[in-house]
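A.B. asks: Sequence:
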Amino acid sequence: MPNNIAPRESEISLAELRGDCARMAPHWVVPAKDAPIPVAPSLIHGVTVPAASARLIDAMAEYGD
6 MPNNIAPRES EISLAELRGD CARMAPHWVV PAKDAPIPVA PSLIHGVTVP
56 AASARLIDAM AEYGD
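For the sequence shown, this note's numbering assigns the number 6 to the initial residue and increments by one for each residue that follows.
Rather than coming from a laboratory, the hints here were simulated on the basis of the structure. Treat the hints with care, as some may be off.
[What the hints assert, rightly or not] Taking CB as the label site, the calculated pair distances span:
#1 A37 x I17: 30 to 38 Å
#2 E67 x S47: 19 to 27 Å
#3 M65 x E16: 41 to 49 Å
Where is the CB? At the ideal position from N, CA and C, for every residue including glycine.
I would like the entire structure built from these sequences, with the hints used as guidance.
C.D. replies: Structure, rendered in structure tokens:
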């Protein structure tokens, strides 16, 4: 028996959905995170970065220039 039911459009508009989300946002709790403790670069061992990746990051304005 074939299922000939066409999917129906959403019963809620994007504007209504965004409004619902905006009203619920204050009720969503984000757990507090402790800030990571900085580590001295001299304590970091065993990290290997491929040369191609290093060149890519170096070429990015946010990191290398």
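A.B. asks: Now look at each hint and say whether the structure bears it out.
C.D. replies: Here is what the structure says about each hint:
no., hint, in the structure
1, A37 x I17: 30 to 38 Å, "33 Å, holds"
2, E67 x S47: 19 to 27 Å, "25 Å, holds"
3, M65 x E16: 41 to 49 Å, "45 Å, holds"
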